[in-house]
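Chains as they are written, first to last, in the working numbering: chain A, 9 to 436; chain B, 34 to 842.
These are calculated hints, taken from the structure and not from any lab test. Misleading hints may appear alongside valid ones.
Among the chain A residues that face chain B by a calculated CB cut under 8 Å, a handful are [unchecked claim]: (1) Ser159; (2) Glu279; (3) Asn304.
One side of the interface only, derived from the structure: several residues of chain B facing chain A at Cβ under 7 Å [claimed, not checked]: (4) His174; (5) Tyr178; (6) Gln180; (7) Thr183; (8) Leu184; (9) Ser331.
From the three backbone atoms N, C-alpha and C, an ideal C-beta is built for every residue, glycine too.
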Amino acid sequence: MSAKRQVADFEPVDQSDYLEFVALGGGNEVGRSCHIINYRGKTIMLDAGVHPALNGLSALPFYDDYDLSTVDVLLISHFHLDHAASLPYVMTHTDFKGRVFMTHPTKAIYRWLLSDYVRVSAISSNDASTLYTDADLNASFERIEAIDYHSTTEVEGIKFTAYHAGHVLGAAMYFIEIGGIKILFTGDYSREEDRHLNVAEVPTERPDIIITESTYGTSTHQPRSEKETRLLNLITKTILNGGRCLLPVFSLGNAQELLLILDEYWQNHPELDGIPVFYASSLARKCLAVYQTFINMMNDSIRKKFRDDNSNPFQFKHIRSLKNLERFDDLGPCVMVASPGMLQNGVSRELLERWAPEAKNALILTGYSVDGTLAKQILNEPSEFASVAGGGIKVPRRLYVEEISFAAHVDYKQNTEFIDLVNAPNIV
Amino acid sequence: MFTFTPLLGASSTEAETLASQSLLSFDQNVRVLIDVGWNDKFDLQLLEELERITPSIDLILLTHATISHLGAYVYACKRFPGFDAIPVYATLPVINMGRMVTIDAYSTAWFTFSPSAASSPSPQEEPIQQSDIDAIFDKIHALKYSQQLTLTAKLSSLRLTAHNAGHTLGGTLWRLQYGQEDITYAVDWNHAVERHLNSSALLTSPEQLSRPTALICGARTGSGIRRREDLLLSAILRGVERGGSVFMPTSTSARALELCHLLDSIWVERQYTVPLMYFSRAGARTIAYARSMLEWMSPAIVREWEEKGTSPFVFKSLKIATSEDEIHNIKGPKVILASGHGLEWGVSRELFANLSTDPNNIAIFTQGSDCKSFAGEILTLWQAATEGIVADDDDDDDDGASGPKFSRISLQRQLEIRKSVPLQGDELETYLAEEKARKNQVDRQTAMDLKNRNILDQPESESESSESEEDLDDDYGEDMEAEKSDLGILALTQDNDLYDFEVRGVKSIKHKMFPYVPRRIRRDPYGEIIRVEDYVRAEERDEAISNDSNDVQEAYGTIGKKRKWTDEREEEKRTVIPSKTLVEYVDIVIRCEITYIEYEGLADSRSMQMIIPQIQPRKLILIADTIEHADNLAASLRDAGIQDIYIPTSGKSVNASMDANAYVVTLSDDLAHQLIWQDTASSEYTVAQLKGRLLMKNLSNGSSQASEQMETADLKDVTLGRLATRKDLAIASAQTKPIFVGDIRLAELRRRLMAEGIHAEFKGEGVLLCDEHILVRKLETGNVLIQGGVGNKFYEIRKIVDSFLARIV
C-alpha cells in the first residue's frame, strides 16, 4: 500500500546510517500528504493531510503502517486540507507523542479552516464516523507550537528552519538537519512571484536530500501576466455586456490573490467604479484578519505598499464582503468571488445555477478541479447539468465557461529549475 | 583576540547618558558596532568618537528601537561619510519601530531647526526628511530570532544570531561567534513575561546562550517592585478623581506599546470613561506596525487575538492622537501617554509645559532619563524631595513595595519648544513657487539627460557622418530651445500626454509642421536590432511595455505632469504639508504633582544575580550604569562564582579574549570510516575512540590530504590523519587505564537490574542497594562507585553498569 523506499545516504560511514523515507500518503497521488523520515533513531513526520475526495477514515494516510509513537517532530508545511487536516486525528486518536510545529500564519488559519472542515464533514458524511470533533481540534491546537521563518529550532538533536515556499500564506519549506545530514522538504511551493507571496527561497546551505512535490508533473503553466490580462479582459468584457462574473475559489490562498488583482484593477480603472465586486465566503472573511496581520511574511511589493500607503493592502477599497445570499440584490452586472472552488455546493453553486441560463454571464474557474466535481464537468461545456437540489432537476448552461488557472504550484520547468538551484545530490 | 570598547553608555561615576554604543573588535580585523545610541538632547559631541572610527567599522547591529540604542543612526548615515555603506542588521520590529521613533524624535530635534539649514543649504546641512529616514531604515537587513546568518567576505568567520531580549518589541540579544570567542551582548533585557513581550532568551532557552566566553551585560536594572500595574493605576486614579489630567511621558513605541495595551485593557475591564489618549506624531503608524507584528509578541497576545478575532492593538478605549488639536478638543480630565520620555524630543515637552502648571494634574514618569535631560532634572529634584518621605500607606506592604511617592517640586524654567507649523498664506505661496522652480530645474535636467542619452545611444560608426552631424546640429539647436521652453516642440513626439503646443510665435520653419523624427534603423553585426515590444502578443503587451519603459516613463512623467499642475499641488498639500520650524520660549512654573513609577521592563538586580551565574559566562563585562551600582552587582556576582568581571569606562578598551589553546580538529575521510561508535546509556551523545596523528594543515601548498574538506582558512585548524609510521603506533599504544564515558541514570539502571533478575531498591539519595549486599553509589562528581563483597553477583552487576557506558581503552 504505502510506498516504502530506502534511500542510501551517500557514502555511508556506518552500516546503520541509512536514511529511511516512508510515504504514508501522497506518494503517488495528489492529496493526503504525509511522509516520515527516519535517520539515526530520530523520526520526523512531514505533513498530515487527508484525501479531499474521500470521507472518514478512508481519507487518512496509512497511519496504521507506522508506529507513530516513535515520531519526535511533526512539521506541517501549510494549512491546506491535504497537508494538515488529519493533524487533530494524529494528535488525539493515535499514540503520537511528539511535538508539532507550523508557522504563525498557518496556525492562525488552520484553526478556522479545520473547524470549517469539521462542520462540513459532519454534514456531508451520514455515518457518525467523523475523524475528530471540535473538542479534539481545540485540544490539539493548544499543543501546536508556532515558529517563524528563518528561525532555527532545535528539538533533541533535530534542527530545522522554515523557509518561504510561496504557494499560500504561511507555507514553508523545512530545512532539516539530523546528525549532519541536511534534508530539504519543500511541501507545495511556487516559484512565480504573485501579488502577495514570496517565491520559494533557495536555502543558503546545500541540502543532501531534497523531497519535493510534483503536482503538475511535467506540464507547464502559462505566464502569469498573460493569465492576469486574460482574466481581466474577460471580466471587463462580460461586465460591459451587462453580464455577471462568477469566480469560484478556494477560500484561502487563491481567493486573496484574486481579490488583490481585482482591487488593484478597480483602483486603476475608475470607470468601473459603479460595478460592485463581492466576495462571499465566511472563511475568507475571517482569515482576512490573518492576512492583514502577517503582512511582514509576504513579499516586498506588498510590504512596501503597506509602508507607503500607511493602509493595509488587505483592507480592500473596492471589494465588499457578502455575508449571505439573501442580502444580495442581484441587479445588473457584478463580479462575485465565491467559495467553494469546485462548485460542489454552497454559495458558488447556488449562484451558478441562478446565472447559468443566461449567455452573457461568465464563469471563470481559477483553481485546480478534481475529477468528479461539477467544476470538472462544466469545463466540457455541457448544455445542462444537474441541480444540487436533486430530484433530477436539470439546469441549462448557456453562460460562458473559461478556465484560467492561478494555482500556486510549480510546473515542470520551475520545478527542475529550482532543483538545479538547490543542487542536492539526492531527490525524492 | 577580542576587545570590547564602550564608546558611550559605559559605567561612569554618574549615569551621564543612557545612550549606548559599543565597539567589539575581533583579532583587530573585524569590528562590529553594536547600537548607535544618542541621548535625549542629541548632543553632537557624543558622536565625535563615532565619526572618527566610522571608516573602520565593518558591521552594525541594533538592539532596541529606542533613541538610546539607535537614535544617532540616521544622523550618522546622513552626516558621516561612509557610514551608510556599512551593512546593518536588526530584527524587523526594531527596524519598523526604530523608523517610527526616529521620525518622531527628529521632527523636534535641534538639527531640524538649525538656523543654518534655512539660509545656506549646503549638502552637509541639508535637513533630514522623513523620506530619508524611511530610505535609511529600508536598507537595514531584517533578521528573525535565532536565524542562521551567513556573512560574506571579511566577515565570513563571524557568526551572528539574534535572540529575544524582552524589554522592547523585537529587542535583541546578540550572540557573536568568532573562532573560539562566543560573545553574548545583553544590554537591557527582561526576565519577566510582560503583556505583549516574551521574556528574554537568557531565561527561556539558556541552553543556546550558556557558557559564553564573554557576556556583555547592562547593569542598569529595574526596581523589581511587584504590582506595579496597581501602583500605576492608583496614581492615575488619584489624578483623575481630583479632576486633573494625568500625563505620562513615554517612548514612541518601545515601552509605550506595553503601557497602551495595559491601560486599554484596564479601561475596558473596569469600564472607565475618562478619555485615554496616546499622543505621538507617529502614533497611528506605530500602532499599525504593532498590529502586523504579532508573531514577535508573547503567546498570550496571540491567544487573545485568536479568541477575540480582533487584533490586540485595535484599542477600544485608547485613542491615538497625532496632533495637539485632538488633545485640546477634549475638555476636562484625561489621561495622556505622550512620546518623548525625556521631555526633550517628541510631543511631550510642549504638552508638559501646558499641563504642568495646573496643580491638579499629575505627571507620572515611568522611565529613567539622562540626568541632563529635562525629565532627568525633574526626577533628580523629585528624588531629593521624596527622600525620607514614607509613601502613603494605604496598602499592606508585605513585599516591600511601597505606594507611589508624590511630590511637588519647585522648578521654574524657561523652556525652548521646537515645533513644526504648517505653512500658511504667503509663506505657503513662496514655498510652492520655490518648489516649482526647483522642479522645473530638475525636469529640464532630466529632459536634457534623456536627449544626451539618446544621442549617445546611436552607434556613431554605423550612422552616416553627414546625417549624424546634422543630427547633432539639430539636437544642439533644440537643446538651446529646451533651455527656453523645456523641450520645445519635440516634446510632442516624446510624450503622449501632451497634445497642444503654441506654434504661432515660433520662428523656425521646421516647427510649422507637426514634428516627425524618423527612427533610424540600428544595426549590429547580426543585422537589425529588434525591438521586443513590436513582437509581443496582445496579452503580453501591457506588461512588457510597462516593464520596458518604466525608467523612460519616470523621466517623461514629470513633463506630462506639468499639465496637471493643479492636481499636483493638492496632492502635495495632502502628503507633505510644507512646514516651517518654530522655536518658542515659554516660561513655566511646575505646579503639578510628580511621581515616578518604574515601568521600564528591565530585569531587576536580584533576578540578574540569579540568572547570570546560571549562564556561566567565563568573563563578564558590565556597562551602562553608575560605577557604584555596577560595583555592587559585580561584588554579588563574584560571590556567585564569576571571577572575571570588567567594568570599563567610556572609550577604554577591555581585552576579554579566550586564552585557551583549543583547536578545531577535522577528521580525514579514511579515518572517519574506521570509527566504531558506542552509544552511552543516556544516548545524549555517541563516542568513538580513535588514535591518529595530528597534521598541521598547510595552507600554502594545499596538497594535504584533507584540504578539500576544509572550508575555513584558519591556521589553527588541525587534521587528524591516519597513523602512518611505526613510531606513531608506538606512541599511540602507550595507553593508560580504560576510561568510561557516559552518564548513568540510576532509575534506568534499576529497571535493567530488575530485568536481569537482580533485586534493586533505592536507599536514599543516589544509592542503589542490589540484592541486599552490593551498593551502587552515584557520587556528586558524577563517578559511580560499586561497593560490596567480591563475588559473582558483584561482577554481574559491574558488567551491567559497564554496559551503560562507552568504554575507551
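Results for each hint:
A distance limit of 8 Å between C-beta atoms decides the matter here; for Ser159 of chain A the minimum to chain B is near 5 Å, and the interface restraint holds. With a cut of 8 Å, the hint placing Glu279 of chain A at the interface with chain B is violated, because the nearest CB-to-CB distance is about 17 Å. This hint holds: Asn304 of chain A has a C-beta 6 Å from the nearest C-beta of chain B, less than the 8 Å allowed. Below 7 Å, beta-carbon pairs count as interface contacts, and His174 of chain B has none with chain A, the closest being about 12 Å; its hint is therefore violated.
With 7 Å as the threshold, the beta carbon of Tyr178 of chain B comes within range of chain A, its nearest partner Cβ sitting at about 5 Å, so the hint holds. Taking 7 Å as the C-beta cut-off, the interface hint given for Gln180 of chain B holds, the closest approach to chain A being about 4 Å. With its C-beta approaching chain A no nearer than about 5 Å, Thr183 of chain B sits inside the 7 Å limit, and its interface hint holds. The interface hint given for Leu184 of chain B is violated, since its Cβ lies 11 Å from the closest Cβ of chain A, which is over the 7 Å cut-off.
Annotation: Ser331 of chain B was flagged as interfacial toward chain A, and the flag is violated, the nearest CB pair being 12 Å apart, outside 7 Å.
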